[in-house]
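A.B. asks: Numbering (this note's numbering), first residue to last: 1 to 751.
Fair warning: there could be bad hints in the mix.
As the list claims (entries may be wrong) - No more than 20 Å apart at the CA atoms, straight line, and that leaves these computed lysine to aspartate or glutamate pairs for EDC-like:
| hint | residue 1 | residue 2 |
| --- | --- | --- |
| 1 | Lys-154 | Glu-181 |
| 2 | Lys-565 | Glu-503 |
| 3 | Lys-158 | Asp-240 |
| 4 | Lys-630 | Asp-554 |
| 5 | Lys-676 | Asp-665 |
| 6 | Lys-210 | Glu-263 |
| 7 | Lys-210 | Glu-133 |
| 8 | Lys-154 | Asp-209 |
| 9 | Lys-158 | Glu-245 |
| 10 | Lys-154 | Glu-245 |
| 11 | Lys-158 | Glu-263 |
| 12 | Lys-158 | Glu-181 |
| 13 | Lys-210 | Glu-242 |
To be verified - Computed spacing ranges between beta-carbons, pair by pair:
| hint | residue 1 | residue 2 | range |
| --- | --- | --- | --- |
| 14 | Val-303 | Trp-281 | 20 to 30 Å |
| 15 | Ser-367 | Val-303 | 13 to 23 Å |
| 16 | Leu-434 | Ser-532 | 57 to 67 Å |
| 17 | Glu-260 | Thr-173 | 25 to 35 Å |
| 18 | Ser-483 | Phe-396 | 30 to 40 Å |
| 19 | Leu-292 | Thr-25 | 30 to 40 Å |
| 20 | Glu-260 | Thr-25 | 36 to 46 Å |
| 21 | Thr-173 | Gln-264 | 27 to 37 Å |
Honestly, the hints are just simulated from the structure, not real lab data.
Just so you know, these numbers come straight off a predicted model, no measurement behind them.
Each residue gets a CB set at the ideal place from its N, CA and C atoms; glycine is no exception.
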Amino acid sequence: MNRSARIRGLIALAAVALSLYVALTVPVHLGLDLRGGTQIVLQTRPTDTEADSEATDRTVEVLRGRIDALGVAEPSIARSGSDRIIVELPGVQDPREAAEVLGRTAQLTFHEVLGTAAGPDDRPEPLPKRPREQVRADESGRLLRLGPASLTGKDVEKAAARFDPQGGGWHVTVDFKGSGEKGWARLTGEAACRPAGDPGRRVAIVLDDKVISSPQVDPSVACRSGIGGGSTQITGTFDDSEAKELALLINGGALPVPVETVEQRTVGPTLGADAIKASAWAAAVGTALTSLFIITVYRLMGVLATVALLCYGLLSYAALAALGATLTLPGLAGFVLAIGMAVDANVLVFERAREEYASGRRRSPRSSLTAGFRRAFSAIADSNITTLIAAGLLFFLASGPVRGFGVTLGIGVLASMVSALVITRALADHAAALPRVRRRPRLTGIAHTGAVRDRLSRRDPNLMRHPRRWLAASCAALVLAASGIAVRGLDFGVEFTGGRLIEYTTATPVDPGRARTALADAGFPGAVVQTSGENRLTVRTPHLSNTQAGTVTDTVTGLTQRADKIRDEAIGPSLGEELRQGALVALVVALGAQLVYLAARFRWLLGTSAVAALAHDVVILIGVFAWLGKTIDGVFLAALLTVIGYSVNDSVVVFDRVRELGRGDRKLPFEHVANKALLQTLPRTVNTGMGAAFILTALAVLGGDTLTDFALALLIGLAVGTYSSMFTATPLAVALHRRRLVQSRSSASKP
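Turn these sequences into a full structure, and let the hints guide you.
C.D. replies: Here you go:
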């Protein structure tokens with residue numbers, strides 16, 4: 001064993017050992033659907049501006065930012081009625097502290113100090129009282145006369161809690177933005193005109209009508225000059241938690257209207273135990289079938305790939321636990337699906353190794369494997385980097401569950417690369433060097449070409465002879481999908497549209513899974529059921545008529561001896577407008593970034609074709625769901641993001657082979673190169689698709705009603721993505737290349 005192989009083996013062993021330690025010692029956070037959490041009901045208080053539903057909706061978005069800052073992943077937040085907000089937080093350790101932080105109005109203002117006011121031991125100063133003057137006690141209790149607010153929290157760009165190791169203790173750094181930079185310089189410049197020690201040389205920083213800091217402007221600051229740079233520090237007797245809480249409130253922004261906590265309680269999971277068991281069973285069966293398929297196709301290398309995939313699952317789980325990510329049922333299903341998709345890198349390597357062995361350039365499976373890893377590296381890197389670009393942009397530009405998906409997707413991609421390029425290779429190098437394996441090369445699964453490649457070699461079809469026919473078929477599919485969206489419309493779920501919340505007290509406890517099944521049979525498949533305590537049941541549905549609400553009540557009553565309605569009100573969407581807009585912006589930017597990267601790695605022609613095929617897949621998936629009348633909800637959003645995450649991979653693999661073949665023979669026509677690349681990568685496409693299809697089929701058949709639509713969306717995305725990489729992206733590239741040749745010849749023929 002050479003030195004590089006030993007290093008890979010040690011890295012693989014260290015990664016697995018560390019992941020095992022983290023998985024055994026760090027608990028993973030479960031979402032509301034799996035474990036439940038804390039429910040906080042907030043009510044807006046009327047002010048000079050009436051607390052209508054619009055003000056409540058704005059308050060929801062500010063609270064969403066505060067929840068993100070609290071570090072709570074996958075929360076649920078929605079308006080209830082016109083003046084109530086329901087917040088559900090999974091895995092919150094201190095619900096009282098969370099309720100206090102969420103309810104704080106955080107009205108931050110900066111004031112000129114006019115002087116001191118009359119207190120028990122003070123004489124009033126001979127200064128006339130100004131309009132809109134305020135009297136507030138400073139940190140020591142001394143009363144100060146403050147002018148009107150010169151700056152507010154809207155002028156603040158960000159705040160951060162920092163520790164001064166030189167003895168200054170904890171403080172909060174505040175950076176201003178826009179007009180706030182000049183406003184801060186003007187405010188401190190006016191204060192600097194007062195002599196040292198004069199109360200007027202102070203600047204009062206007020207949070208929620210309380211002076212939290214009133215520092216004197218440093219003597220080095222000149223009169224009318226002020227403190228430039230748009231930054232300041234809030235100092236005081238802060239400990240670490242107080243400084244971090246203050247920074248969180250400032251960053252979260254001011255609530256449009258004050259709120260108060262009217263109810264706080266523990267809620268159960270939205271999924272029943274039977275649904276969770278069914279999903280776990282489906283995941284186990286699907287993973288076993290995928291492993292059996294890989295072992296059947298690639299023999300010994302398939303066994304090693306299965307071991308590497310198990311290590312991949314361990315690496316991903318440990319990373320999610322270490323980062324404190326929250327796992328929901330769709331997230332777990334996506335996690336299992338990622339195990340099926342992670343086989344892609346292994347299949348790429350094994351198919352390249354088969355090509356090397358069949359060509360006669362390599363005399364042993366071990367040398368063929370080494371060449372396979374080397375030649376497959378660029379395709380693996382390009383496909384994973386494009387996915388990482390999308391994951392990073394989703395994390396930085398989106399929020400809520402879309403941002404959480406970006407984290408999960410990024411972890412999965414990195415773990416799959418470690419699994420394939422380090423763990424699989426370390427195991428394969430060791431196994432291929434064994435004497436028994438060297439004597440029986442066919443045992444490795446590398447020393448034969450495979451049934452798909454043999455059949456293609458015999459027939460040698462020219463798939464790119466008529467690229468416009470394939471494009472016409474893709475356009476017809478797009479028109480059909482778009483007509484479904486236009487004719488049938490999209491049935492958005494309660495997360496997007498809001499709906500109705502009905503809460504009951506029941507005579508006996510009711511299992512939420514049983515209630516969900518009964519409501520689905522009664523015509524309410526999108527109902528979200530949740531328990532609270534032993535004898536409380538909450539049902540959330542899209543907008544209902546009174547007759548439909550009565551049917552819901554009758555259905556719930558049929559599950560227990562008695563069900564009394566204690567709440568019935570309209571609720572807003574938990575996926576608010578700002579979150580949806582942020583997700584849309586993130587997706588558009590991600591597509592643009594992928595286009596730029598692919599254009600840089602390949603050509604604009606190939607990059608444009610790959611992104612166009614990705615958009616084709618998204619439209620068709622949405623259109624199929626429109627024709628089927630399926631609900632567009634949070635679970636579908638997770639499936640759509642997953643399809644976007646891996647759809648471009650097939651196109652990248654094909655175009656990587658196009659680039660390689662084009663470099664080898666620059667005189668060969670482009671359509672011949674594209675056709676040859678398709679035929680050479682087709683075995684990999686078939687085997688990867690089969691591996692993922694086993695898991696998805698198991699989730700659809702055995703996973704219960706909860707995961708049926710999720711698995712169906714991914715199966716559609718898998719089929720459409722496989723087709724589009726071969727018969728949309730590649731024919732489009734051929735058609736664009738031909739058009740460019742015609743244009744260049746036309747330009748050359750002009751005098």
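A.B. asks: Hint compliance check: list the failing hint numbers for this structure, sorted ascending.
C.D. replies: 4, 6 and 11
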